[in-house]
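A.B. asks: Chain by chain, the residues run as shown.
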Amino acid sequence: MADSIQTERDNSPDTEHKPAESDLSDAELLELFAGHGVYRDNAAQYRGRLAGQLLINRCADCDRYHQPPRPMCPSCWSFDVVPTPVSGRGTIHLLMHLHAGPPADGVDYQNEGHPVVVVELEEQDHLRVTGTIHSFGNREPSIGDAVELEYLYRGGAPIVAFRPSTYQPSQPSQPSQRSES
Amino acid sequence: MARSMKRSPMKDQIAIVGIGSTGFSRGDRSPLSLALEASTRAIRDAGLTAADIDGVVATSEAGAASAPFLVASLGLTEVSHHSRPAPLIMFSLLDAAQAVFAGAADHVLIVTPVMMSSWNSRRAAADPWRRGARSTIRPIPEDAANANAYATWAGRYMHEFGASKDPFARIAINSRSNAAANELAAMRKPLSFDEYHAGRMIRTPLNMFDMDYPADGADAFVVTTAQRAAELPQPPVLIHAATTGVVGENTEDQLPSLKRHGQHVVVDHLKARSDLWIDDIDVFYPYDGFTIIALSWLENCGFCEMGGAERYLAEHWNEERQRIEIDGRIPVNTHGGSLSEGATRGTGHLREAVTQLRGQAGARQVEGAKVALVTPGGFFFNSQGAILRSA
Ligand SMILES: [Zn+2]
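Chains as they are written, first to last, in our numbering: chain X, 119 to 299; chain C, 7 to 397.
The set of hints was computed from the structure by calculation and includes no laboratory data. In this text the structure is predicted, and so the values were computed from the model without any measurement. Think of the CB as a built atom: it goes at the ideal place given N, C-alpha and C, for glycine as much as any other residue. Misleading hints may appear alongside valid ones.
[As the list claims (entries may be wrong)] Taking lysine to any residue pairs in the SDA-like style, the calculated list, with each CA pair at most 20 Å apart, reads:
hint	chain 1	residue 1	chain 2	residue 2
1	C	Lys265	X	Thr250
2	C	Lys277	C	Ala169
3	C	Lys195	C	Arg13
4	C	Lys265	X	Tyr157
5	C	Lys265	X	Asp243
6	C	Lys265	X	Ile261
[To be verified] These stretches of chain X come out as covered by chain C in the derived footprint (C-beta under 8 Å, 3 or more residues):
hint	region
7	147-160
8	163-176
9	188-198
10	221-227
11	231-243
All chains should be modelled from the sequences, with the hints used to inform the complete structure.
C.D. replies: Structure follows, in structure tokens:
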């Protein structure tokens with residue numbers, strides 16, 4: 119499995135806003151990510167973001183990932199579920215542009231609108247995360263584009279975001295199939 | 007996996023005997039006021055009184071009164087069944103029908119008010135009476151759930167099948183053309199292809215005409231046994247088959263594929279339990295909270311293949327009336343659907359189906375309508391359907 123990627127570049131202008139990955143209390147975590155929908159079962163994923171990681175719950179017994187984070191593996195009912203760093207690489211599966219929505223720093227609903235993407239990760243078929251995308255420069259992003267994670271920071275909170283991939287995406291791995299019965 | 011035993015003991019045993027509606031508009035009444043008007047209309051329509059109602063099914067729609075509060079507000083003596091299912095009409099209809107079928111109550115009232123929320127329009131946001139529902143915590147924009155999900159999957163549909171916006175336009179235009187003859191509808195102006203395509207984008211690829219029309223209003227229904235229905239004044243409309251359905255992986259952004267979601271489960275279960283299917287129906291009421299939902303019901307019910315709606319709707323289009331007529335015979339959402347009558351959560355689809363099967367639809371009446379297919383709900387967590395027939 120791929121190592122977690124360190125997405126924060128040294129020269130990032132947002133580095134100073136990045137909270138020390140750390141020892142935020144639960145109350146501080148909830149405050150930092152207010153509006154993100156943090157609850158007990160996904161708190162580890164938000165703590166992972168503060169360390170620049172993308173964590174996806176993976177079952178220690180059957181190796182399957184699942185989303186959104188749950189306390190039990192839906193495939194084998196194991197409670198031995200581990201928030202596991204993934205590559206952050208994948209392809210755009212769903213794409214839309216919002217022309218209205220909740221006010222948020224740096225979000226422009228005018229003109230082309232604010233892009234929201236659902237990216238299918240290379241680790242497993244149909245395993246997806248939702249976020250936004252950084253500018254693709256002189257072209258529009260489209261479904262099927264290879265992308266990779268690069269967090270953006272809003273009010274000090276890392277937001278899932280993607281940029282065009284610098285990698286050649288590999289074939290999705292074929293994890294153990296669910297038994298047909 | 008355990009598969010259906012295909013039992014349908016409730017088939018044709020439960021009847022809808024009363025309907026009442028306030029109509030839908032951008033008004034200034036409370037949800038309780040609307041709910042009580044619809045309720046009393048439905049009970050009177052059924053030829054019943056407060057003393058006959060011994061079950062109340064409320065909806066858990068935001069701002070809607072609970073069943074016990076409605077019992078008190080309607081001055082009912084006491085009830086032996088009450089519940090508060092999720093919004094979208096089939097959850098309520100099934101609960102009421104099953105309560106009657108099980109003998110828990112004899113005449114169950116279903117009450118389903120809807121209110122436009124404060125975020126539906128600038129005017130609604132300025133209305134202090136609607137502010138209560140608004141959270142002080144702002145959600146983040148990067149969300150593919152709920153309404154956003156239909157924009158993302160509409161884009162996926164267009165990508166996979168090479169579809170244009172043309173079939174979406176036909177769903178929206180059909181809705182307006184039909185709403186023109188529905189005095190209960192909030193939006194009755196006709197819509198042209200040019201107007202549709204010039205519509206303000208809300209969530210690309212969906213524009214303002216792809217979304218249901220926010221409005222206030224309420225519908226109510228009374229259900230009882232088919233036997234009792236025969237003694238009541240209205241032509242009884244029987245619930246031939248009804249179901250709800252979800253697939254296992256139903257979170258909006260994790261749905262594996264457009265090829266298998268709640269609509270497919272509903273279709274399979276309806277077909278397994280019904281003696282009647284799409285060749286037998288006279289009217290069709292696919293939910294249209296978003297245009298993509300109605301398009302998908304059309305395909306998934308089997309009128310055409312997946313991705314075939316663009317061609318199919320063009321072929322089954324009545325140019326003169328600017329509406330869909332399947333095989334020149336089956337109109338679709340004769341009341342204007344949620345896109346034009348108002349965002350009724352499917353109550354309008356059910357009420358119009360009952361009205362048509364009673365033969366009481368006036369200028370909208372489909373001659374000799376005997377069987378209706380009603381399919382409320384979208385892809386993820388509220389897909390549902392029913393086949394209704396006249397007795
Ligand atoms: Zn497992």
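A.B. asks: Hints first: check each against the structure and report whether it holds.
C.D. replies: Cross-check of the supplied hints:
Between C/Lys265 and X/Thr250 the alpha-carbon distance is near 26 Å, which puts this suggested pair outside the 20 Å criterion. Pair hint C/Lys277 plus C/Ala169 does not hold up; C-alpha atoms about 28 Å apart against a cutoff of 20 Å. Taking the CA atoms of C/Lys195 and C/Arg13, the gap is about 45 Å. The hint is violated against a cut of 20 Å. As the CA atoms of C/Lys265 and X/Tyr157 are separated by approximately 32 Å, the hinted pair breaks the 20 Å bound.
At roughly 15 Å between alpha-carbon atoms, C/Lys265 and X/Asp243 fall within 20 Å of each other, so this suggested pair holds. Restraint check: the Cα-Cα separation between C/Lys265 and X/Ile261 comes to about 18 Å, which is no more than 20 Å; the hinted pair holds. Under a criterion of three residues with beta carbons nearer than 8 Å to beta carbons of chain C, the stated coverage of the region 147-160 of chain X is upheld, 4 such residues being counted. Coverage of the region 163-176 of chain X by chain C is violated. Counting CB-CB distances below 8 Å, 0 residues qualify, and the rule asks for three or more.
With 1 residues carrying a beta carbon less than 8 Å from a beta carbon of chain C, the region 188-198 of chain X misses the three-residue requirement, and the given coverage is violated. Evaluation of the coverage hint for the region 221-227 of chain X: fulfilled, as 3 residues show C-beta separations to chain C shorter than 8 Å, against a requirement of three. Restraint check on the region 231-243 of chain X versus chain C: 5 residues with Cβ-Cβ distances below 8 Å, three needed, restraint holds.
When the structure is compared with the earlier hints, violations turn up for hints 1, 2, 3, 4, 8 and 9 and for no others.
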